[in-house]
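S.K.: Chain by chain, the residues run as shown.
Number of protein chains: 2
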Amino acid sequence: MSGLKVVALAGGVGGAKLVDGLAQIVPAGKLTVVVNTGDDFEYLGMWVCPDLDTVCYTLAGIASPETGWGRSNETWRVFRELGRLGGPTWFRLGDQDIATHLERSRRLSQGHSLSQVTQAFCQAWGIDHTILPMSNSPISTQVDTAQGVLPFQDYFVRQKCQPEVRGFSFDGIEDSQPSPGSIEAIKEADFIVICPSNPWVSVDPILAVPTIRKHLITKCVIAVSPIIGGQAVKGPAAKMYQEMGIQPSAYAVAQHYRDLCAGFVIDQVDKGHETAIRELGIEPLVTSTLMKTRQDRQRLAEDVIAFGKQIC
Amino acid sequence: MSGLKVVALAGGVGGAKLVDGLAQIVPAGKLTVVVNTGDDFEYLGMWVCPDLDTVCYTLAGIASPETGWGRSNETWRVFRELGRLGGPTWFRLGDQDIATHLERSRRLSQGHSLSQVTQAFCQAWGIDHTILPMSNSPISTQVDTAQGVLPFQDYFVRQKCQPEVRGFSFDGIEDSQPSPGSIEAIKEADFIVICPSNPWVSVDPILAVPTIRKHLITKCVIAVSPIIGGQAVKGPAAKMYQEMGIQPSAYAVAQHYRDLCAGFVIDQVDKGHETAIRELGIEPLVTSTLMKTRQDRQRLAEDVIAFGKQIC
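Heads up: the protein sequence lines correspond to chains R and F, in order. Heads up: the first sequence runs through residues 1 to 312, numbered per the working numbering. Heads up: the second sequence runs through residues 1001 to 1312, numbered per the working numbering.
In isolation and in its complexed conformation, chain R is listed as follows (with noise of 0.2 Å):
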């Protein structure tokens, strides 16, 4: 373990789950997460990233055990009274993470890089590995849906992810720049770890980073399904799966990455998939997926890393 580098591909909860697997245990300062921005927006003048703040969050012991986002001992205080001014309560946001907000917002507007406001934080909440935003750059993913095209978090929160999805598009992400470091640590990486996070909304925004996909191309990626029988753990990945025509199945994430995966990690019960994956020119690697627990979390990223040092 103690030289092996790898890199992983993160959006919200789930990918949180995993990260935090491979954070106990892989060693300090060899495990570098790449964290999608694109459900990233302004709310009440503040910038909220809610899959960089899940992934910090839940690395740092502070993420709500019940919902998977936000801060856990969580009170809602603020919002309590927002919502008596009238105020948009659409996007729910605890006291705690308020804090989190209001000082990121602050030290953007002073000049400082969404990638060194997320590293002061991580070292004020004790997270010894490197997590960083896919860019500096402000990239936002667009839902072009039955209803028009939405910002993320208007399909996502404020529609319930109601509206029938036809496609995604990255607002910025052509003249985006991935963050300092991101590049130089795939370039060092053993392997990549694409974790089990919605492949449109999640990882293909990081994908779509100008570059990033070119370098990883090189690399020995390693994706592990968000999808368990045809269903998804958490979030709309399947129901998009469907409405963009394609039946929702670990296959199918399969396939959504054929380009890019040498190995892809699927659930017991899904093993039907296997020699369809392994005839798309990709290993597969049968275990249990999913994580109720810490420790299956943990179990997981051992999986995980086995699986890496013997294919790549």
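The set of hints was computed from the structure by calculation and includes no laboratory data. Every residue gets a Cβ at the ideal spot worked out from N, C-alpha and C, and that includes glycine. One or more hints might be untrue.
[To be verified] A short, non-exhaustive set of chain F residues, derived as facing chain R with CB atoms under 8 Å:
| id | residue |
| --- | --- |
| 1 | Leu1044 |
| 2 | Gly1045 |
| 3 | Ser1072 |
| 4 | Thr1075 |
| 5 | Arg1077 |
| 6 | Leu1082 |
| 7 | Arg1084 |
| 8 | Leu1085 |
| 9 | Asp1095 |
| 10 | Ile1098 |
| 11 | Ala1099 |
| 12 | Ser1105 |
| 13 | Phe1121 |
| 14 | Ala1124 |
| 15 | Gly1230 |
| 16 | Val1233 |
[Said to hold, decoys possible] Derived Cβ-Cβ restraints for the label pairs, each shown as a range:
| id | chain 1 | residue 1 | chain 2 | residue 2 | range |
| --- | --- | --- | --- | --- | --- |
| 17 | F | Gly1003 | R | Val149 | 56 to 64 Å |
| 18 | R | Pro210 | F | Gly1167 | 23 to 31 Å |
| 19 | R | Thr211 | F | Phe1091 | 37 to 45 Å |
| 20 | R | Trp90 | F | Arg1084 | 25 to 33 Å |
| 21 | F | Gly1167 | R | Pro180 | 42 to 50 Å |
| 22 | F | Gly1029 | R | Val149 | 26 to 34 Å |
[Unchecked claim] Negatives, chain F to chain R, calculated, CB over 12 Å:
| id | residue |
| --- | --- |
| 23 | Ile1025 |
| 24 | Gly1094 |
| 25 | Pro1138 |
| 26 | Arg1158 |
| 27 | Trp1200 |
| 28 | Ile1228 |
| 29 | Lys1234 |
For chain R, the structure is supplied; the task is to place chain F on it using the hints.
M.R.: Just chain F now, kept in the frame of chain R:
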């Protein structure tokens, strides 16, 4: 009482107390409060209006009884976390209070004026009197000190009023306008009450808004001294008089307002100034001006109203 219309000019805690007394005895719709906004400033990306909030919280019965500013039953979760992240916590904001600033800032950024936002908040808080910011333009009180020119909150909160004062200026005031309705309210008022607020930094900014003084000069104005026995009840008013080379006293405040006032209310301990004040051409009223209880506020308000009826 029924037909009587009163306009009060107020700053923070002291002013808010007398406004609260007036609000208890003047019928709804007959009291207009014009509030200093020279202390307003941007903090953590939020637009904070300390005097407006103190007046509104006090009238709504939700002000902290311990401090006079901020909210009662307040919690400090956001600021505790902000401190852990290394954010600026020198100007303390409680959780409920932060909701006010977030929602105000959001509405301002959407193009609402400060008076529109204040009106909406007053409605939410059940305040049935009219609270007006002195202006909708940002005006920034600057304190000229031995350590250079300091924005008001830097002087007042961060440096705890320690730097020696040489003078005051109100950035942005030349191009400002009184907020809509304030000149009309002054014109229609039977008399004007200058609350026991700091003359230099709470009342002078209001008087310096173009056309406000011009209209006040035609009215019957009664001021209540914020100096009792040579001391300010709260805040740096007495220290400021001293540093400006003036012996702090109720008489000094009467002189401060001599061009404007028909009547001047002083405390019993300052009875010795009665004759000197009369010699300024101002009618003195000697009563108990210290407001320790809610009853004190109402009693002083009754004295002021009776005085106004008598001399105006």
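S.K.: Taking the hints in turn, state whether each one holds.
M.R.: Cross-check of the supplied hints:
| no. | hint | result |
| --- | --- | --- |
| 1 | Leu1044 | 5 Å, holds |
| 2 | Gly1045 | 5 Å, holds |
| 3 | Ser1072 | 12 Å, violated |
| 4 | Thr1075 | 5 Å, holds |
| 5 | Arg1077 | 4 Å, holds |
| 6 | Leu1082 | 4 Å, holds |
| 7 | Arg1084 | 6 Å, holds |
| 8 | Leu1085 | 5 Å, holds |
| 9 | Asp1095 | 4 Å, holds |
| 10 | Ile1098 | 5 Å, holds |
| 11 | Ala1099 | 3 Å, holds |
| 12 | Ser1105 | 5 Å, holds |
| 13 | Phe1121 | 6 Å, holds |
| 14 | Ala1124 | 5 Å, holds |
| 15 | Gly1230 | 40 Å, violated |
| 16 | Val1233 | 29 Å, violated |
| 17 | F:Gly1003 - R:Val149: 56 to 64 Å | 58 Å, holds |
| 18 | R:Pro210 - F:Gly1167: 23 to 31 Å | 56 Å, violated |
| 19 | R:Thr211 - F:Phe1091: 37 to 45 Å | 43 Å, holds |
| 20 | R:Trp90 - F:Arg1084: 25 to 33 Å | 28 Å, holds |
| 21 | F:Gly1167 - R:Pro180: 42 to 50 Å | 48 Å, holds |
| 22 | F:Gly1029 - R:Val149: 26 to 34 Å | 48 Å, violated |
| 23 | Ile1025 | 28 Å, holds |
| 24 | Gly1094 | 8 Å, violated |
| 25 | Pro1138 | 16 Å, holds |
| 26 | Arg1158 | 16 Å, holds |
| 27 | Trp1200 | 30 Å, holds |
| 28 | Ile1228 | 35 Å, holds |
| 29 | Lys1234 | 26 Å, holds |
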